[in-house]
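*Asks:* Read off the chains here:
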Amino acid sequence: MDVFQGLAQGFQVALSLDGILFVLIGVSVGTVIGMIPGLGPITAIAVMIPITYGMDPAIALLLMAGVYYGAAYGGAASSILLNAPGVSEAVATTFDGYPMAKQGKAGKALAVAAIGSFVGGTISVVFLTFFAPLLSKVAVSFGPPEYFALMLLGLTAIASLSEGSTIKALISGVIGLMIATIGIDAQTGTLRFTFGSPHLMEGIDFLVIALGLFALAEVTSLILGRKNKMDDMHNVGSLRLTKEEYKEMGPTMGRQSVLGFLVGVLPGAGGTISSFLGYISEKKLSKKPEEFGKGSIKGVAAPETANNAANNGAFVPLLSLGIPGSGTTAVMLGALIVLGIQPGPLLMTDHPDVFWGVIASMYIGNVFLLILNLPLIPYLSRILLVPRPLLISLVIVFCVIGVYAISFSTFDLYLLLAFGIIGYLMRLLNFPAAPLLLAFILGGMMEQAFRQSLTISNGSLSIFVTSPIAGTMLLLAILSFIVPLIKNRKAAGKENIDKSA
Amino acid sequence: MFGTTNRKISICLIAVGIFYLILSFRLPAYAYVPIDSDMIPIGLGFLLLILAVFLFFTNDQKTNDNDERIPKKELPIVLGVVGFIVCYIFFLEILGFILVTVLFLFFCSMFLGYKKHVVNGIVSLAVPILIYLLFDSFLQVQLPTGILPF
Chain A
1 MDVFQGLAQG FQVALSLDGI LFVLIGVSVG TVIGMIPGLG PITAIAVMIP ITYGMDPAIA
61 LLLMAGVYYG AAYGGAASSI LLNAPGVSEA VATTFDGYPM AKQGKAGKAL AVAAIGSFVG
121 GTISVVFLTF FAPLLSKVAV SFGPPEYFAL MLLGLTAIAS LSEGSTIKAL ISGVIGLMIA
181 TIGIDAQTGT LRFTFGSPHL MEGIDFLVIA LGLFALAEVT SLILGRKNKM DDMHNVGSLR
241 LTKEEYKEMG PTMGRQSVLG FLVGVLPGAG GTISSFLGYI SEKKLSKKPE EFGKGSIKGV
301 AAPETANNAA NNGAFVPLLS LGIPGSGTTA VMLGALIVLG IQPGPLLMTD HPDVFWGVIA
361 SMYIGNVFLL ILNLPLIPYL SRILLVPRPL LISLVIVFCV IGVYAISFST FDLYLLLAFG
421 IIGYLMRLLN FPAAPLLLAF ILGGMMEQAF RQSLTISNGS LSIFVTSPIA GTMLLLAILS
481 FIVPLIKNRK AAGKENIDKS A
Chain B
1 MFGTTNRKIS ICLIAVGIFY LILSFRLPAY AYVPIDSDMI PIGLGFLLLI LAVFLFFTND
61 QKTNDNDERI PKKELPIVLG VVGFIVCYIF FLEILGFILV TVLFLFFCSM FLGYKKHVVN
121 GIVSLAVPIL IYLLFDSFLQ VQLPTGILPF
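Those protein sequences? They're chains A and B, same order as listed. Those letters in the first sequence? Residues 1 to 501, by UniProt numbering. Those letters in the second sequence? Residues 1 to 150, by UniProt numbering.
Quick caveat, the hints were computed from the structure, so don't treat them as lab data. Heads up, some of the hints might be wrong.
Partial list, derived from the structure: chain A residues whose beta carbon lies under 8 angstroms from chain B [stated by the list, open to error]: (1) Ile-167; (2) Leu-170; (3) Ile-171; (4) Val-174; (5) Ile-223; (6) Ser-393.
Simulated coverage check for chain B against chain A, where a stretch passes if three residues somewhere in it have a Cβ under 8 angstroms from a Cβ of chain A [as the list claims (entries may be wrong)]: (7) 42-49; (8) 88-95; (9) 101-108.
Listing some non-contacts, in silico: residues in chain A with all C-beta distances to chain B over 10 angstroms [as the list claims (entries may be wrong)]: (10) Val-258; (11) Pro-387; (12) Ile-396; (13) Val-397; (14) Leu-454; (15) Thr-455; (16) Ser-467.
Each residue gets a CB set at the ideal place from its N, CA and C atoms; glycine is no exception.
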């Protein structure tokens, strides 16, 4: 069956009355779940699995695809409106999304996020349709050294491009890596830095750090600013984007759709790395990099487009090899198996309706997301009209529930409070929090990849240089440091000359 | 000598680095593992020390666009909210999610200066109950019931 015949069959399933109805339900439920901190696409899909028992597999997958897109968008909405990224993929969206909301452009930011998600999702589905078999071959050739190099590149890139001092960003990253070493070592089973506490054996949860450093730390600013009228903030602003704004974000979305998709295809990389890489690469390319972090449209468009494109890219190894490339696709794999379908090379021949149904549902899910969410934006943004004191209490409650619902331990809640205080101190002392969080997310995987590589090479570091892919990425990682340093030196030198003149 | 902020932070970070390194060196070693579990922590500990030394010799940034310092007048408010959070966490499993959340939302909002007590009361009651129902029946997540019978 060729691609077009397959797609036609897929659309037949997706465009049936049942199909449309369930995508619609999925998108709405997903958006609501995604807005709650701590509940991202993974939880949303996991919650849906019991509901799909006994459903036609193709229809069940349509529902899940809808939930998946909805939850990703819901996460972006809480990042933009509350500075509370519920999942790691949404962290980069806060960098410019929240400043935009503060300036009274919440509506615009949400519209940009919706359009970015749509463009990223749609372009990457086209890639998925045509390049799935080809790309999965490249991803398979990645071993531990290549993964390590890729993750290191992601980290150095974010550290070198953070606002302010590069050394502070690096320290922040190293501390993130240190926090990631807490818990049982995956290779030897050694307990590290647990201080005898059983609560620390499994390490610290991502949410504790993300909600502490970002949302709870923001509470202090909210408290200090509670008496300010915040007129701008109350103003959701128009959703309409001007022609210039479309022109501005067009190339960004095009580039990030491709880049995000490619990153997503690599197993383990996924939405988080792609959203950070997307943000950073656009900042690098921009003629006005100083606008980033202060409410730049491109700063919202880039991570949202890249992260949606990467999420679709992650379906390449899942559908063609049966290997999930991200947490979300891992849950999807579970859902497929529950429905009696084993993804893998035989999926296309054994269950063409499912294979193409999933792909067609992605086209449809994207369209519905846009149609549903654009009119909903004014209602979503009403969160901003909630009086400050009430909003502060509610944000705290949501943070607490988000953490408690995962760990069921009050110990983690005290940790959450501690990270909130650390987050505030970091702001006070101009330490960027994003490198810490990204380093923490990647820390565990990086350490495993590094040690596996050294085990393969009998302890020789040359393995990172002899592999051409790993070598190139390491070189890029080093360059990403040196180039900004030289630029800074040059700028400082110029200033001195100006002063002496 | 410790005049600048960067130097003070640097000294704290060096202390953290040394503490982390001592713990790393005390991790048990295994005979037949080619790359043991203490390798990465030791490397990270030294990396932090090196970066902290660099920071020691870096000049403070002069421009601070968004000053996050808490004014003296506001300090009791911020500490009060921290106290509210500690009480909330402490009583969560003892009194149960609904009861503690209702009390927290109402009194914390009032403490922060929200004066519409009727609206405050309605929100403080409705939100916890809705969240509890959502988690309990839809997400199948059991939140602590505490002293309430449901």
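*Asks:* Now, for every hint given, state plainly whether the structure supports it.
*Replies:* For each hint, the structure was consulted:
1. Ile-167: holds (5 angstroms)
2. Leu-170: Check passed: Cβ of A:Leu-170 comes within 6 angstroms of chain B, closer than 8 angstroms.
3. Ile-171: Holds. Min distance 5 angstroms.
4. Val-174: holds (5 angstroms)
5. Ile-223: The hint holds - A:Ile-223 has a Cβ within 8 angstroms of chain B, the shortest such distance being about 6 angstroms.
6. Ser-393: Hint on A:Ser-393: holds, closest Cβ of chain B at ~4 angstroms, below 8 angstroms.
7. 42-49: Check passed, 4 qualifying residues.
8. 88-95: holds (count 5)
9. 101-108: holds (count 4)
10. Val-258: holds (34 angstroms)
11. Pro-387: violated (6 angstroms)
12. Ile-396: Non-interface label fails for A:Ile-396: nearest chain B Cβ at 6 angstroms, not farther than 10 angstroms.
13. Val-397: violated (6 angstroms)
14. Leu-454: violated (5 angstroms)
15. Thr-455: violated (5 angstroms)
16. Ser-467: holds (18 angstroms)
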